[in-house]
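In mature numbering (1 follows the signal peptide of the UniProt record, and there is no 0), the protein residues as written are -21 to -1, 1 to 348.
Derived from the structure by calculation, the hints contain no laboratory data. Since the structure is predicted, the reported quantities are computational estimates derived from the model, not experimental observations. Just so you know, even glycine gets a beta-carbon here, dropped at the ideal spot from N, CA and C. A portion of the hints provided could be inaccurate.
Distance windows between CB atoms, simulated [to be verified]:
hint: 1; residue 1: Gly94; residue 2: Thr273; range: 24 to 34 angstroms
hint: 2; residue 1: Gly146; residue 2: Thr105; range: 27 to 37 angstroms
hint: 3; residue 1: Asp51; residue 2: Asp269; range: 45 to 55 angstroms
hint: 4; residue 1: Arg323; residue 2: Ala292; range: 41 to 51 angstroms
hint: 5; residue 1: Glu241; residue 2: Glu128; range: 36 to 46 angstroms
hint: 6; residue 1: Ala317; residue 2: Asp269; range: 19 to 29 angstroms
hint: 7; residue 1: Asp282; residue 2: Asp82; range: 31 to 41 angstroms
hint: 8; residue 1: Thr339; residue 2: Thr104; range: 39 to 49 angstroms
hint: 9; residue 1: Thr191; residue 2: Thr66; range: 45 to 55 angstroms
hint: 10; residue 1: Glu55; residue 2: Asp282; range: 38 to 48 angstroms
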Amino acid sequence: MPRHLALGSAALLLVATGAGGAAVAARLLEADPAPTSSAATTEVPTTPTEPTTPYLRRESYRPSTASQDATDATEEQSTGVVQITSTLTHGTSAGTGLVLDADGTVVTNHHVVEGATAIEVRVVTTGRAYSARYVGGNAATDVAVLQLEDARGLTSVDLSETAAAVGDEITSVGDAGGDGGALTASPGTVAALHDDITVASTDGSGDGTALTDLIRMDAYVVPGDSGGAVLDADGEVVGMNVAASSGTGDVTGYAIPIATVEQVVAQVEAGDAGDGVELGYDGFLGVALDPAATVPLVVEVTDGSAAATAGIAAGDTITRVDGTAVRTTDELRTAVAAHAAGDRVTVSWTSAAGTSRSATVTLGEAPVS
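With the hints as extra help, turn the sequences into a complete structure.
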């Protein structure tokens, strides 16, 4: 039977309004009251704010009625779609992804895996779970590429060679709620093309990140659907879910056109960093720093990290990386981020007792950034 997907946790949505874009968005931090899990998605207000500068919707269509119902996805709709669980420093997040080839190349939204220290991917139609590694992505377009470990013979999604058009009937498929159960299929219509929204940060700074050239849909996209498939009438993927409106009215969904997704994937697979694309994991030293200190003062060291191996301890102050002085926490972060995981670097520090020390270490893998 069809089931209505209500946004029962609307009070948990952090929504910023009033910016000068077509709509303003904020990430959903939690899909349920538990503070240690979140269903990854991006949300925008149900009623877009008026832009402060002229904004042209080059193609737009508003159906007279919008379906807000959804059903469990069929096996055909679920083929090639995966559920993604990211282990974060504090808690987990959940989202959806798409299998691109038999050897386990998977694409999803960057925000689904951002901050991940480990990623698990479950193929819905087989139930088999895989560990995944972050290959690269583009945070600005919100696309990330993963590689499943020891994957063979997977069935991929069918990508459409024809772009979505205004008025097309589509179906949004994803792990609604991030609960790891059956996928949800939400029918709808392409309402507009080339839409721009602004994603507000969740740190209270008021900063925002633009997502541009999106497909706007009247499909019911909810937390957990991020990275899921937008299927055309032939069951081929024309877009990837990325955002949804918040509030109690009819929900508006947003998707990245599949051509944009394919462009990022091709650049990552070619090993071509630049134009917003970053490859692999940054280096990880494994220290937490005192934000109130004017110098890189260590307050905690991660067990098993490069810093722990070197003998760095809480109370020490890091002074150099590969011979370059680091006088502030930002300078230290920049120096470490300039190296990839696996690089060997020489770190110098002053102990809490005032002794100068130095060691050469192999950097670990930083959380996905």
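Cross-check of the supplied hints:
1. Gly94 <-> Thr273: 24 to 34 angstroms: Hint holds: Cβ distance 27 angstroms, inside 24 to 34 angstroms.
2. Gly146 <-> Thr105: 27 to 37 angstroms: With a Cβ separation near 35 angstroms, Gly146 and Thr105 satisfy 27 to 37 angstroms, so the hint holds.
3. Asp51 <-> Asp269: 45 to 55 angstroms: Since Asp51 and Asp269 have Cβ atoms about 50 angstroms apart, the given range 45 to 55 angstroms holds.
4. Arg323 <-> Ala292: 41 to 51 angstroms: Since Arg323 and Ala292 have Cβ atoms about 21 angstroms apart, the given range 41 to 51 angstroms is violated.
5. Glu241 <-> Glu128: 36 to 46 angstroms: 23 angstroms, violated
6. Ala317 <-> Asp269: 19 to 29 angstroms: Roughly 22 angstroms apart at Cβ, these two residues keep to the hinted range, so it holds.
7. Asp282 <-> Asp82: 31 to 41 angstroms: 34 angstroms, holds
8. Thr339 <-> Thr104: 39 to 49 angstroms: Given range 39 to 49 angstroms: holds, Cβ gap about 48 angstroms.
9. Thr191 <-> Thr66: 45 to 55 angstroms: Since Thr191 and Thr66 have Cβ atoms about 30 angstroms apart, the given range 45 to 55 angstroms is violated.
10. Glu55 <-> Asp282: 38 to 48 angstroms: 46 angstroms, holds
Checked against the numbered hints listed earlier, the structure breaks hints 4, 5 and 9; every other hint is satisfied.
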